[in-house]
Amino acid sequence: MTQPASVRVTVYVAVDPITAFEIFTEEIDVWYRRGPHHFFDPARAAAIRFEPGVGGRLVEVYDTCTGEGREMARVTVWEPGQRLHLRDTRNTDIDVTFEAAGDETKVTLEHRGLERLPAAEAESHARFGGRLLIAWFSDHLRERTRT
Amino acid sequence: MTNYGGLQYPTLCPYLYYEDTAKAMEFLERAFGFRERFVSKDDDGTLRHVEMERGGAVVMMGSPPDHKNPKHLGQVTVGIYVHVDDVDKVYEQARAAGTEFDGEPADQAYGVRSFGARDPEGHQWWFAQPLTAGN
Numbered sequence: 001m002t003q004p005a006s007v008r009v010t011v012y013v014a015v016d017p018i019t020a021f022e023i024f025t026e027e028i029d030v031w032y033r034r035g036p037h038h039f040f041d042p043a044r045a046a047a048i049r050f051e052p053g054v055g056g057r058l059v060e061v062y063d064t065c066t067g068e069g070r071e072m073a074r075v076t077v078w079e080p081g082q083r084l085h086l087r088d089t090r091n092t093d094i095d096v097t098f099e100a101a102g103d104e105t106k107v108t109l110e111h112r113g114l115e116r117l118p119a120a121e122a123e124s125h126a127r128f129g130g131r132l133l134i135a136w137f138s139d140h141l142r143e144r145t146r147t
Numbered sequence: 001m002t003n004y005g006g007l008q009y010p011t012l013c014p015y016l017y018y019e020d021t022a023k024a025m026e027f028l029e030r031a032f033g034f035r036e037r038f039v040s041k042d043d044d045g046t047l048r049h050v051e052m053e054r055g056g057a058v059v060m061m062g063s064p065p066d067h068k069n070p071k072h073l074g075q076v077t078v079g080i081y082v083h084v085d086d087v088d089k090v091y092e093q094a095r096a097a098g099t100e101f102d103g104e105p106a107d108q109a110y111g112v113r114s115f116g117a118r119d120p121e122g123h124q125w126w127f128a129q130p131l132t133a134g135n
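Chains A and B are the protein sequences, given in the same order.
Numbers 1 to 147, taken from the working numbering, label the letters of the first sequence in order.
Numbers 1 to 135, taken from the working numbering, label the letters of the second sequence in order.
Since the hints were made in silico from the structure, they are not lab data.
Wrong hints could be hidden among the right ones.
What the hints assert, rightly or not - Listed below are the simulated BS3-like cross-link pairs for lysine-lysine, each with C-alpha atoms no more than 30 Å apart in a straight line:
| no. | chain 1 | residue 1 | chain 2 | residue 2 |
| --- | --- | --- | --- | --- |
| 1 | B | K23 | B | K71 |
| 2 | B | K68 | B | K41 |
| 3 | B | K71 | B | K41 |
| 4 | B | K23 | B | K68 |
| 5 | B | K71 | B | K89 |
| 6 | A | K106 | B | K71 |
| 7 | B | K23 | B | K41 |
| 8 | A | K106 | B | K68 |
| 9 | B | K41 | A | K106 |
As the list claims (entries may be wrong) - Pairwise CB distance ranges, derived in the manner of DEER restraints:
| no. | chain 1 | residue 1 | chain 2 | residue 2 | range |
| --- | --- | --- | --- | --- | --- |
| 10 | A | H38 | B | E19 | 36 to 46 Å |
| 11 | A | G81 | B | Q8 | 25 to 35 Å |
| 12 | A | H37 | B | L12 | 21 to 31 Å |
| 13 | A | R146 | B | D86 | 51 to 61 Å |
| 14 | A | G81 | B | D85 | 40 to 50 Å |
| 15 | B | Y110 | A | R90 | 30 to 40 Å |
The C-beta atom is built at its ideal place from N, Cα and C for all residues, glycine as well.
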């Protein structure tokens with residue numbers, strides 16, 4: 001069976017859209033979970049950070065003094081409180097939208113272009129990938145708003 | 001509960017087949033208050049697999065090839081029974097969405113206030129609220 005070309009995961013978080021966007025981007029190093037499959041080079045990865053704005057990078061940081069490391073993705077849309085779009089180094093697209101929904105914010109992450117990946121990698125992204133990313137973010141927000 | 005791929009799954013998840021899953025998603029949200037949580041698609045945009053949730057309930061949805069829904073089959077083959085906190089509110093929401101009902105909310109001898117309804121493809125749904133909480 002071929003893998004899907006895109007997966008979309010939606011969560012509802014108990015903060016406003018601007019705050020959700022800020023936590024997604026500025027606090028990614030707090031909620032992004034370390035693990036053998038979550039970095040290109042898990043042994044060297046010391047942090048992960050966004051460079052804000054269109055053209056900014058999502059960086060797997062190897063040197064915490066300079067903040068330099070390996071580019072994971074490039075920001076193509078940066079609209080605080082509304083939308084963040086990334087093109088990763090494998091030429092797939094990660095589109096995150098933030099939408100007010102009553103007292104909550106609906107956060108949707110869609111990972112597109114999986115058909116451009118080798119089958120095994122596409123399967124891994126479909127089964128984990130963005131699904132884990134949005135779950136980590138959501139768990140972090142739940143913990144953060146609880147305290 | 002089972003947890004994988006970042007999502008939590010109740011031990012039992014009904015997998016509902018629809019001829020038009022996109023329309024069914026829209027209806028389940030508008031009429032019954034379900035919310036989309038996972039969607040996968042093929043590269044032509046065809047829906048591959050869908051999950052919607054309401055409270056702790058999760059339904060999976062999809063459109064198998066040559067599937068006949070209950071409306072075209074001429075009979076209902078299963079009923080989906082959902083426990084809710086305010087059954088009358090759910091009924092009003094469903095009514096506003098033009099839902100076809102199997103009766104209005106009513107207190108049942110077995111301890112719930114419930115009503116039955118059909119989704120646009122003829123699947124039967126029941127929504128029930130315990131008459132006495134905790135007993």
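Hint check results:
1. B/K23 <-> B/K71: At roughly 15 Å apart (the allowed maximum being 30 Å), B/K71 and B/K23 satisfy the hint.
2. B/K68 <-> B/K41: Holds, because 21 Å separates the two Cα atoms, which is no more than 30 Å.
3. B/K71 <-> B/K41: holds (26 Å)
4. B/K23 <-> B/K68: holds (15 Å)
5. B/K71 <-> B/K89: This hinted pair holds, its Cα atoms lying about 27 Å apart.
6. A/K106 <-> B/K71: violated (33 Å)
7. B/K23 <-> B/K41: Given pair B/K23, B/K41 holds - Cα atoms ~15 Å apart, limit 30 Å.
8. A/K106 <-> B/K68: Violated, at about 34 Å.
9. B/K41 <-> A/K106: Answer holds: B/K41 to A/K106 is near 20 Å, not above 30 Å.
10. A/H38 <-> B/E19: 36 to 46 Å: Hint holds: Cβ distance 40 Å, inside 36 to 46 Å.
11. A/G81 <-> B/Q8: 25 to 35 Å: For A/G81 and B/Q8 the Cβ distance comes to about 28 Å; the hint holds.
12. A/H37 <-> B/L12: 21 to 31 Å: At roughly 30 Å between Cβ atoms, B/L12 and A/H37 fall inside 21 to 31 Å, so the hint holds.
13. A/R146 <-> B/D86: 51 to 61 Å: violated (26 Å)
14. A/G81 <-> B/D85: 40 to 50 Å: Between A/G81 and B/D85, where Cβ atoms are some 31 Å apart, the hint is violated.
15. B/Y110 <-> A/R90: 30 to 40 Å: Violated - the Cβ-Cβ distance for B/Y110 and A/R90, about 55 Å, lies outside 30 to 40 Å.
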